[in-house]
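Residue numbers (my numbering), protein chains in the order written: chain A, 136 to 502; chain B, 136 to 502; chain C, 136 to 502; chain D, 136 to 502.
Because the hints were derived from the structure by calculation, they are not lab data. There may be inaccurate statements among the hints.
Which copy is meant is left open, because identical chains are indistinguishable; a pair holds if it fits in one copy or across any two.
Keeping only pairs whose Cα atoms sit at most 20 Å apart, straight-line, the calculated SDA-like set for lysine to any residue is [claimed, not checked]:
#, residue 1, residue 2
1, 336, 500
2, 336, 396
3, 460, 196
4, 184, 172
5, 460, 414
Here the structure is a predicted model, which means the values were calculated and not measured.
4 protein chains.
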Amino acid sequence: MSLNTFGHLFRVTTWGESHGPALGATVDGCPPGIALDEPMIQHWLDRRKPGQSKYTTQRREADAVRILSGVYEGRTTGTPIQLMIENTDQRSKDYGEIAEKFRPGHADITYWQKYGIRDPRGGGRSSARETAARVAAGSVARAALNHLAPEVRITGYMVQMGRLRADRDRFDLSEVERNPFWSPDAAAAEIWAGHLDELRKSGNSVGAVIEVVASGVPAGLGAPVYGKLDTDLAAAMMSINAVKGVEFGEGMAAAELTGTENADEIFMGNDGRPRFSSNHAGGILGGISSGQDVVVRFAVKPTSSILTPRRTITVTGEETEIVTKGRHDPCVGIRAVPVGEAMMACVLLDHLLLHRGQVGDAGGRIG
Amino acid sequence: MSLNTFGHLFRVTTWGESHGPALGATVDGCPPGIALDEPMIQHWLDRRKPGQSKYTTQRREADAVRILSGVYEGRTTGTPIQLMIENTDQRSKDYGEIAEKFRPGHADITYWQKYGIRDPRGGGRSSARETAARVAAGSVARAALNHLAPEVRITGYMVQMGRLRADRDRFDLSEVERNPFWSPDAAAAEIWAGHLDELRKSGNSVGAVIEVVASGVPAGLGAPVYGKLDTDLAAAMMSINAVKGVEFGEGMAAAELTGTENADEIFMGNDGRPRFSSNHAGGILGGISSGQDVVVRFAVKPTSSILTPRRTITVTGEETEIVTKGRHDPCVGIRAVPVGEAMMACVLLDHLLLHRGQVGDAGGRIG
Amino acid sequence: MSLNTFGHLFRVTTWGESHGPALGATVDGCPPGIALDEPMIQHWLDRRKPGQSKYTTQRREADAVRILSGVYEGRTTGTPIQLMIENTDQRSKDYGEIAEKFRPGHADITYWQKYGIRDPRGGGRSSARETAARVAAGSVARAALNHLAPEVRITGYMVQMGRLRADRDRFDLSEVERNPFWSPDAAAAEIWAGHLDELRKSGNSVGAVIEVVASGVPAGLGAPVYGKLDTDLAAAMMSINAVKGVEFGEGMAAAELTGTENADEIFMGNDGRPRFSSNHAGGILGGISSGQDVVVRFAVKPTSSILTPRRTITVTGEETEIVTKGRHDPCVGIRAVPVGEAMMACVLLDHLLLHRGQVGDAGGRIG
Amino acid sequence: MSLNTFGHLFRVTTWGESHGPALGATVDGCPPGIALDEPMIQHWLDRRKPGQSKYTTQRREADAVRILSGVYEGRTTGTPIQLMIENTDQRSKDYGEIAEKFRPGHADITYWQKYGIRDPRGGGRSSARETAARVAAGSVARAALNHLAPEVRITGYMVQMGRLRADRDRFDLSEVERNPFWSPDAAAAEIWAGHLDELRKSGNSVGAVIEVVASGVPAGLGAPVYGKLDTDLAAAMMSINAVKGVEFGEGMAAAELTGTENADEIFMGNDGRPRFSSNHAGGILGGISSGQDVVVRFAVKPTSSILTPRRTITVTGEETEIVTKGRHDPCVGIRAVPVGEAMMACVLLDHLLLHRGQVGDAGGRIG
């Protein structure tokens, strides 16, 4: 990963600012011959789109994607795919104050410290709008995965909002698309709704934990020891705006287990593949997929753009206070769900290609 | 990051297996003119070396490093630095059984699934011995940091063993080097000692949480949006053997906070630099260092090599049981402390060079 | 260099096909704070634009560039710069026949062999239209060089058309912009005009040799041994459509010299820098710039799209004949001049940043 | 390509100086399961070894290679392969003078200008000894090619020494191994022998042109537009010490041809593959292999280490004279032959893996 590109063979470079004319993704290394058109991408973009419920920012963006290159007569050609999304609902006047003041907990100050210049309109490059480009790229990855590894299924959902956790005993993945929080626990979704209503009215925000699961992932993906599957997924998720932690399987809680508890015992399945008694590992051992579900979770911090006044400084070093008006997500974690799915899709496809490149069909069979 | 190399400008490629003739690191992109000799590297390697207390593997390795290139008359020349450590205490006979059986929770099975061949002696490439090469490379990074950013201090320590957490109210960094667990809480170290004694005697193992703090990091390091400082640090830490989660500042707990709670308010310090009321962010905003302490934590799972019999399968698909004899660490987290420090040093230096390359002195000043 | 991206720190990814909606360049890693606007880029694009004389393709493209990101209030922000050029004069009907037949000497057949699909309209991705994106990116590099190394001057010109060579004794760089061939030898330009008229009328084409010189290049640029300045320049020039050879200084003719003849003797200049008696080396020793003029030449083969019938095969394996109608350049070498300059600018800036990253001010002084 | 690494998936990092303890190559990304042992590598190293005839340097190096990692029981494991060659015949005393003076035409001065420090013993990192590591890495690539594309044959030979060219009408590849110049023209070899004897006695040196041909290369290799096969081969060859020009097929002479002359007409072969009437293109169209022989040539300049006194300056800026004693190659081009072959092998394997990764079996068939 480097600067604005990620991926080894399936390489995604995103570009664009929140209030510039457009943003997008340059996708390089996609296999040729994959069926792809704009509606296929739009389908996934629409899931991330702002303004779809009262729980996300009221900015109204069509997020309409255009394919500018790399596709001929509905199929990828193997050359770079340029995906462009025009910005249409920029209200830059909302952002006058933050051109001079740094929002606490926001990238305003560090972009300034690093570059000595920043586009303050809507957070510029550091805006969560950049994630639309990830979702667009992710939909290309999904199309290719659908062709090369059709058994892969990627599902993201929210498992925690603030201190309120969903209950795994009530998990039903068919619920995920039925509530505005992508919650697999319908009861939790109702509780979260009430909680977020209160926070929103008081001009506050809250964090969340997102889980993304990929099932049907072939064994053998991941390139130890610095291109491990979990290494690349950790980087991919951590690069999403506002993410502060990433974990696999037991994650941070793995520290609490003994070796006896943590070992996922191995048996032979009826399909001639290994079967595991549990999945503490989150589907990855030594950085390589085992064939079990790949399970990653990440924590999204609360938006720093809040109505409560906070102490801060100006570009010229004056101490002052700031209140962020604008239009913001009270819980950005919600819209991070499709983004996490997209990153999973990109990383899995990338490692599928990388593995095919190095190893081809030479992988090991058991039995 | 790709395959066995990490870093953008300061690039480290590690090589070698647990029971091969040697292992090492090829370090490319080091600035020229940096004072460096073997004792400087040995100093850091000795901290990671096995067999130093009863709490780590009893394998006896001198871990003596040789500089084979890139240094002339005690200074780096800007050309690749080859660091070699010969393996001397290989008892391959200990590993007969695991050539045929896969240890549950270990990379044995996935290396086989991926490559169709594996070096089973001591875990081959997936062995934690690989981390000696990281520590060697990290010591080069430290030498360069010492020259380019002498105010940087990197300190790693253990904050949790199993369910037993160190108490931050008792933290005293001067304690870290005084106990075999790198604990800043002397009382916790004593409790851990008893706990680990029991586990070790019962042939079991346990996980841990390590924290690494870098103070004195210049503001402006990190290359959004896919080469963010936290992105690269997350990848660096996740690539360490047995790590299952990585977090910055509040980390996974950031999900529990509101925007009001999470905002680190900003003031002007007496030194003319920004001063923050708190450090929920772990020193990184928008992927760029703010000048605050960079704080990363990672969870290390318990070793899968345990004496308790576990169910598993053989290469030929037979179901069976396994007990791992060999010489193992009951808590590999202990030896991960110097490794985490080394990764921090490498990533910081890399981003210092990357920033100098793109931005030079053009960064922004406040006031 | 990989797939559709080149550069280490200043990274350019081009995208787009000859007859798609648009093409462009995603430029990442540009230093912040550089003055840049669309007219500055348009200036260089206009020099490469087709249809400017009867000696280049009659396709009429405005080649109007839009900056979609990475620039705020007329200065670069350090984030990715997206440069888009819309295609406006696509006459795809001209290309019906070549969808079925492979033009001898053209990439038609190999794109098909590689990808199993190709965009045949105007050569798709393999069209020389892609080079507009390079010129756009090169103009960003020039803007940054102008800021960071203002003494650098890059001049490209044609030194040979077919068997007709310009005469170095008549070289006058002020002539370069005064004739349609970028010839520094006004007399040669007249001869070439007559020669090309004949070839054009007979539906034939011809090759050329282009030379690009960069003066004022600081000593010390280039990263041995695989990121040498000449290595990267050779790759940059060889990647231009139709280029078959690249050479530095004496180039292929260096084989004919003895060591005595080839040595550029060194003296001390009045400015305290080394002065060389000659420049057989083309300004690069051991892959590092010496401070002398960097001199590269490359040969451009004749266009394969010609009116003379040639034997070929169809996609289904039938033997047949082909005549390429369309609108083509009788000597594509002409329009390669601004492209070669652009590649030189990109590579020099990239190495300037790379050198600053690794070495900073630690380079050696003489005297 | 970056710094001391080249390759996309099959990545080679070389390290080591002429007079350090050792040098070598870290080879990453090799497919697993490839038969490999030290004698297989030694075979190719012995061809490059110095001191084999009076026409190469009299330095006596065994160039004995050791495999330190990545191979288990005679087969590659897919993990990094470390190849080490110890230096045994360093006579550093020969190099006293050049620690203070810069040899004209040598990298002495630019390494100093770049890094402010250099290892002067035998040219340090800029010595042609570095190419031993390339040959070692190339032999790994050959082993993998032998497995994955067994029809590939790579043959290098000298086609020109000074102004004396071999005669293509007399070419007989079986002669190549029978004379000390790798000449396919036995008569030329005799003439060169006399010429070089004279030059050697007079303490002078001379340049050469090397040609490397790969037959049996599958169609479809190369990743346009910046990872083209000829782009990567040009970089690979240009990175070899003393190379000043690289060309494919007609090369620089392509400039002299018309489109009618240059077009390689296409027919259907009896084997159902395309057959070409000629190979002006050198086997590469649009940066992708066509199935024809890949033909590259490169020019090697004369060694700058000569006995004739030349004017130069010292590190402190004094003007002086230099005569290089040491032990040098009167025609380094000779030993560049196996190096060029090795680079060809590495690049071909790399592109084979890259193509397999992106495209798999989806390439196009004709007929």
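Inset, instruction - Please work out whether the CA atoms of residue 336 and residue 500 approach to 20 Å or closer within one copy, between two copies, in both situations, or in neither? - result: neither (58 Å within a copy, 36 Å between copies)
Legend entry - residue 460 and residue 414: within-copy, between-copy, both or neither at 20 Å Cα: neither (44 Å within a copy, 24 Å between copies)
Inset, instruction - Using 20 Å as the alpha carbon limit, work out where residue 184 and residue 172 are close: within a copy, between copies, both or neither. - result: within (19 Å within a copy, 31 Å between copies)
Inset, instruction - If the cutoff is 20 Å on CA atoms, where do residue 460 and residue 196 land: within, between, both or neither? Let me know, please. - result: Within one copy, since 18 Å is at most 20 Å while 45 Å is not.
Inset, instruction - Up to 20 Å between alpha-carbons, please classify residue 336 paired with residue 396: within, between, both or neither. - result: Classified as between; 17 Å across copies, 45 Å inside a copy.
Hints 1 and 5, counting from the list given before, are not met by this structure.
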